[in-house]
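There are 2 protein chains.
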Amino acid sequence: MSITLYDLTGAEDDRRFSPYCWRIHMALLHKGLDFRTVPWRFTEKDEIAFSGQGKVPVIVDDGRVVADSWAIAEYLDETYADRPSLFGGPVAKGLARFATDWTEQVVQGGIFRLIANDLFAHIAERDKAYFRTSREERFGMTIEALGADREARLPAFQASLAPARATLAQQPFLSGNTPAWADYALFGAFQWARAVSPYHLLAEDDPVHAWRQRLLDAFGGAAGRALGYAV
Amino acid sequence: MSITLYDLTGAEDDRRFSPYCWRIHMALLHKGLDFRTVPWRFTEKDEIAFSGQGKVPVIVDDGRVVADSWAIAEYLDETYADRPSLFGGPVAKGLARFATDWTEQVVQGGIFRLIANDLFAHIAERDKAYFRTSREERFGMTIEALGADREARLPAFQASLAPARATLAQQPFLSGNTPAWADYALFGAFQWARAVSPYHLLAEDDPVHAWRQRLLDAFGGAAGRALGYAV
Numbered sequence: 001m002s003i004t005l006y007d008l009t010g011a012e013d014d015r016r017f018s019p020y021c022w023r024i025h026m027a028l029l030h031k032g033l034d035f036r037t038v039p040w041r042f043t044e045k046d047e048i049a050f051s052g053q054g055k056v057p058v059i060v061d062d063g064r065v066v067a068d069s070w071a072i073a074e075y076l077d078e079t080y081a082d083r084p085s086l087f088g089g090p091v092a093k094g095l096a097r098f099a100t101d102w103t104e105q106v107v108q109g110g111i112f113r114l115i116a117n118d119l120f121a122h123i124a125e126r127d128k129a130y131f132r133t134s135r136e137e138r139f140g141m142t143i144e145a146l147g148a149d150r151e152a153r154l155p156a157f158q159a160s161l162a163p164a165r166a167t168l169a170q171q172p173f174l175s176g177n178t179p180a181w182a183d184y185a186l187f188g189a190f191q192w193a194r195a196v197s198p199y200h201l202l203a204e205d206d207p208v209h210a211w212r213q214r215l216l217d218a219f220g221g222a223a224g225r226a227l228g229y230a231v
Numbered sequence: 001m002s003i004t005l006y007d008l009t010g011a012e013d014d015r016r017f018s019p020y021c022w023r024i025h026m027a028l029l030h031k032g033l034d035f036r037t038v039p040w041r042f043t044e045k046d047e048i049a050f051s052g053q054g055k056v057p058v059i060v061d062d063g064r065v066v067a068d069s070w071a072i073a074e075y076l077d078e079t080y081a082d083r084p085s086l087f088g089g090p091v092a093k094g095l096a097r098f099a100t101d102w103t104e105q106v107v108q109g110g111i112f113r114l115i116a117n118d119l120f121a122h123i124a125e126r127d128k129a130y131f132r133t134s135r136e137e138r139f140g141m142t143i144e145a146l147g148a149d150r151e152a153r154l155p156a157f158q159a160s161l162a163p164a165r166a167t168l169a170q171q172p173f174l175s176g177n178t179p180a181w182a183d184y185a186l187f188g189a190f191q192w193a194r195a196v197s198p199y200h201l202l203a204e205d206d207p208v209h210a211w212r213q214r215l216l217d218a219f220g221g222a223a224g225r226a227l228g229y230a231v
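If you read the protein sequences in the order shown, they are chains Z and A. Everything in the first sequence is counted per this note's numbering, starting at 1 for the first residue and increasing by one. Everything in the second sequence is counted per this note's numbering, starting at 1 for the first residue and increasing by one.
Because the hints were derived from the structure by calculation, they are not lab data. It cannot be assumed that every hint is accurate.
Claimed, not checked - Residues from chain A shown here face chain Z by an in silico Cβ test under 7 angstroms; the list is partial:
hint, residue
1, Ile-48
2, Asp-101
3, Ala-169
4, Ala-180
C-beta atoms are modelled at their ideal positions from N, C-alpha and C, and glycine is treated no differently.
Please model the entire structure based on the sequences and the hints provided.
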């Protein structure tokens, strides 16, 4: 029986843009597990009420329900321990949490301000009021103010990637020679941008650009075929 | 035969302040290897000329010479594979490089500007001209300008630690339940500060503060006994 992933989408059913759902999409591919996705929108809280909370990703695996991307990753790695490890051992799992925290604390906030207006344009109409209110409360300013002056913000965003750039100048993935969870966490942030924005976040000669391309091409090009913009 | 570590020191023979040497000090303790240290100063290039370069850390292990902290870590983990692993497997090693790059790209530069004047005060007299010239060339300003306004810089430095703080609020070490290379890399930066500066870099209720204390206490309190300031 295949796993079901409730996957945030925009105005179109296949505009999958959640960075957290992309982590799980890549994790399921990494584990080689069969899965299907169900498009879900912010205001469809009833559709995932069975999970006891209101956010995606949520997976259903033969009746077992797991929410939260980190918890899902742990569930998949423990339940399907005979398949390629997502974390790669206890020390790697500890450090994967650090890389994930870095993605969330540094990278995602930077990307949000570079794509805020494009993102809002792709949100489903029925979700727009929810999205505007929740994000404007969180950040204390309008979507339009958040997204202003992106040209001026781009250099600081690119500078904030310096640690990943240094690593990826020396090895193909954050996780070494092959990708693992930490790569999918960071890649999720870039897939979020790619799904909704034509804005170029990375210079073509940036080692981070080459790394992103390797992940767009991974698993038969699954992520690269997803609806989005040329990056 | 014990390993010899050439270890940067200040005006006193036991003012060991190199963040890179501290990584190796902790790594040797982690591996449980016998070692002795030789105090070394910036201008004593002749003393380590046998290593083919002019920086510490350098180790000599039964005639084998290795320089550069990452190369030494790899050497120790490969040569003493029967002892506790410094990296913890291939994925962990990949991510350890990322955490090390984060330490170097984000944390060390931030600390330098908070301790620059204290650091200069503890450099050996014979090293001061070298230190001033090399650092002022690297940063394009005087030591005194680099070290100015540290009260104003402290909040941004503490904010830059957000990814480590988030991780260490959830687990005792960056590497998970027990420390490994990535912890020693970051800890080295704090030992550098502790050796030369009474300035408090971390609030007492910061999870990073508690983590640092765990490493000061590790291995029988070896790092905590080193000459330095109460932090």
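Do the hints match the structure? See the list:
The beta carbon of Ile-48(A) comes no nearer than 25 angstroms to any beta carbon in chain Z, farther than 7 angstroms, and the hint placing it at the interface is violated. Checking Asp-101(A) against chain Z: minimum C-beta separation of about 4 angstroms stays under 7 angstroms; hint holds. For Ala-169(A), the suggested interface contact is broken, since its CB lies about 9 angstroms from the closest CB of chain Z, more than 7 angstroms. Hint status for Ala-180(A): holds, given a least beta-carbon distance of 5 angstroms to chain Z, under 7 angstroms.
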